[in-house]
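Colleague: What follows is each chain in one-letter form.
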Amino acid sequence: MIAFIIKRLLVAIPVLLILIIGTFVLMYTAPGSPFASERGVPPAVLANLEAQYGLDQPFFVQIWRYVVGIVTQFDFGPSFIYRDQDVNDLIGQGFPVTLTYGFWSFVVAVLVGGTLGILAAVRHNTWLDYLAVGVSIGAQVLPNFVLAPILVLVFTLWLGWLPGGGWQGGQWQFIILPVIALSTSFMASIARISRASMLEVLTSNFIRTARAKGLPMRRVIFRHALKPALLPVISYLGPAFVGMITGSVVIDIYFSTGGIGQFFVASALNRDYGVMMGITVLLGALTIFFNLLVDILYAWIDPKIRY
Amino acid sequence: MLATKAIADDLATAAPIKGRSLWADARARFFRNRAAVAGLVVLVLVTAFALIGPFIAPWNYEDIDWNVLGNVAEAGRPSLETGHWFGTDALGRDLFARTVQGTQVSLMVGVVGALISVIVGTLYGAIAGYYGGRLDNIMMRIVDVLMSIPYMFVLILLLVVFGRSMLMLFIGIGLISWLDMARIARGQTLTLRGKEFVEAAVATGVAPFRIILRHIIPNLLGVVIVYATLLVPSMIIYESFISFLGLGVQEPLTSWGALINDGAAEMNNGTLWMLLAPLFFFVVTLFGFFFVGDGLRDALDPKDR
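If you read the protein sequences in the order shown, they are chains A and B.
The first sequence begins at 1 in the working numbering and counts up one residue at a time.
The second sequence begins at 308 in the working numbering and counts up one residue at a time.
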């Protein structure tokens, strides 16, 4: 097991480095200086600015500094637009917010989706099953950026139950709509996956044996069927995590929650390369780390996988 | 003697017996699936809307109707008299024409993205799967690495760094789309590689790359088509996502994502048609693609039968 984890880590580290270097190269090749404005900056000022941010150094010096800064001090460098802030400040502001509603979305997607899928499989071809299938088909065509306006329309404008945006330090009213908007499509996918795998498990031989022995249905499901049925769900958690991170951009923009996505799009629109790079690298690292976690979890649970 | 002659004549004139090919079989299965056929009809209608729309729309997608401007909530309502069948957007531009234009862009992005993934992904996967060994190992590791990168962010980075253009959007979306396809094609190739007809081709001295093109890829086609159909909607969702953030196609061009975003921004003013018109086409088309994709999978993918 330890050897497996180390082996996976050895793959994850180069991936992370490739991501950092790739992002940096992309930014380096970008035409124009980040300080060039429409009015035109005097060359002397521009040179001073570039010197201050280290942009006048040769390419390899710059990239070395950037990578070393991230790896040793977790320092993503300065923002090129907001002179008094660096990327870490922005991340420190936005990340707790993203983490809060991201966590709840994940919990809702897994719990509700998994329960729905398994109930649908156990009650195959009943109204519950049809409901679950209907919901998951419907949610397929409602990605978060479509669902968010609809939710606001219904719950804020028509019913007036919940605020249509803002964060207010994370009071529960402000969390509900973002969580629904973010989690629905993943909940639907999880429901679909767990339903399909539960159906497959329920028709397999060892379940028939368990039932033939006269075990009560509840015991068969919880003790025997649940674990193998949830394996495909676990392998979906990685992509779901990536999707939620991406989706958080929409949530931040639409609900003005002040999460990390808001900074990302703002920096994309005013070409603040430092912030864009920092956020891309951070989220990339998170993704890689989470995928690693899922892989390990999977290997730990699935007896068929040898490592 | 005469009898044999008659039989021979009979045989000569009789229509050749038509075998049922795999594709004819699949077509029959597909058309028996009601949801899939309905999806297909919807897709044909949406495509017709995108193609014919510009010719029947009384307004251009970039012209501003000055009569409406300043009073969009009242004068910009959907109506037959003003010629704004879907109403106007917040700037007084005709929403019907804009929806047509957005539909063109979104469909094109979806289809081009799927095409890139089909061509690149299938070739890549087939080569990796056919040659196997170390080459396979390296090629698939590369796919693994690329897959674990949060693509949406890199794509946005690309769009910002190299400027927002249709071409960049296509390149960016093409970069993402082929990864899954490569994995699927590789998996299928691995099973095909051991089949007798490939062995026969090898024995008769056909060059490896020719085997891939002539023998492997045609046999992959069924699975590839299924996944390509399911890829189109996800490409459309990607593009709409980017346009929703205001980073996709540039004004006055538009796409479903941009239109939905514009409509959502105006929701408070009671001009709901701005949201509902593009939303309707978006949802209906995605449904269409998913149903057609499911139908094709049932028809072509032997695994689920």
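Don't read these hints as lab results, they were simulated from the structure.
From the three backbone atoms N, C-alpha and C, an ideal C-beta is built for every residue, glycine too.
Keep in mind that the hints are not guaranteed to be accurate.
Here are some chain B residues pointing at chain A (derived, C-beta under 8 Å) [unchecked claim]: (1) Leu422; (2) Val452; (3) Phe460; (4) Ile463; (5) Leu464; (6) Leu486; (7) Phe504; (8) Ala508; (9) Ala510; (10) Leu528; (11) Leu560; (12) Phe594.
Colleague: Could you check if B/Ala510 really has its C-beta closer than 8 Å to a C-beta on chain A?
Modeller: Not OK, violated: B/Ala510 not within 8 Å of chain A, min 36 Å.
Colleague: Hey, does the B/Phe594 contact hint survive, CB to chain A under 8 Å?
Modeller: 5 Å, holds
Colleague: Against chain A, is B/Leu486 within 8 Å by beta-carbon distance?
Modeller: Violated, because the Cβ-Cβ distance from B/Leu486 to chain A comes to roughly 12 Å (cut-off 8 Å).
Colleague: Are B/Phe504 and chain A close enough, Cβ to Cβ, to be under 8 Å, as the hint says?
Modeller: This interface hint is violated because 32 Å lies over the 8 Å limit.
Colleague: Hint B/Leu464 vs chain A: min CB-CB distance below 8 Å?
Modeller: With a minimum Cβ separation of about 6 Å from chain A (threshold 8 Å), the hint on B/Leu464 holds.
Colleague: If you take the shortest Cβ to Cβ gap from B/Ile463 to chain A, is it below 8 Å?
Modeller: 5 Å, holds
Colleague: Less than 8 Å between beta-carbons is the criterion; does B/Val452 satisfy it with respect to chain A?
Modeller: 5 Å, holds
Colleague: Can B/Leu528 be said to touch chain A, with a Cβ gap under 8 Å?
Modeller: With Cβ-Cβ at 25 Å, over 8 Å, it is violated.
Colleague: Holds or violated: the hint that B/Leu560 contacts chain A, with Cβ atoms closer than 8 Å.
Modeller: With a minimum Cβ separation of about 18 Å from chain A (threshold 8 Å), the hint on B/Leu560 is violated.
Colleague: Should the hint that B/Ala508 touches chain A count as held when the rule is a Cβ pair under 8 Å?
Modeller: 35 Å, violated
Colleague: Holds or violated: is there a CB of chain A closer than 8 Å to the CB of B/Phe460?
Modeller: For B/Phe460, the interface hint holds, since the closest Cβ of chain A sits about 4 Å away, which is under 8 Å.
Colleague: Given B/Leu422 as an interface hint, is the shortest Cβ-Cβ distance to chain A below 8 Å?
Modeller: 22 Å, violated
Checked against the numbered hints above, the structure violates hints 1, 6, 7, 8, 9, 10, 11; every other hint is satisfied.
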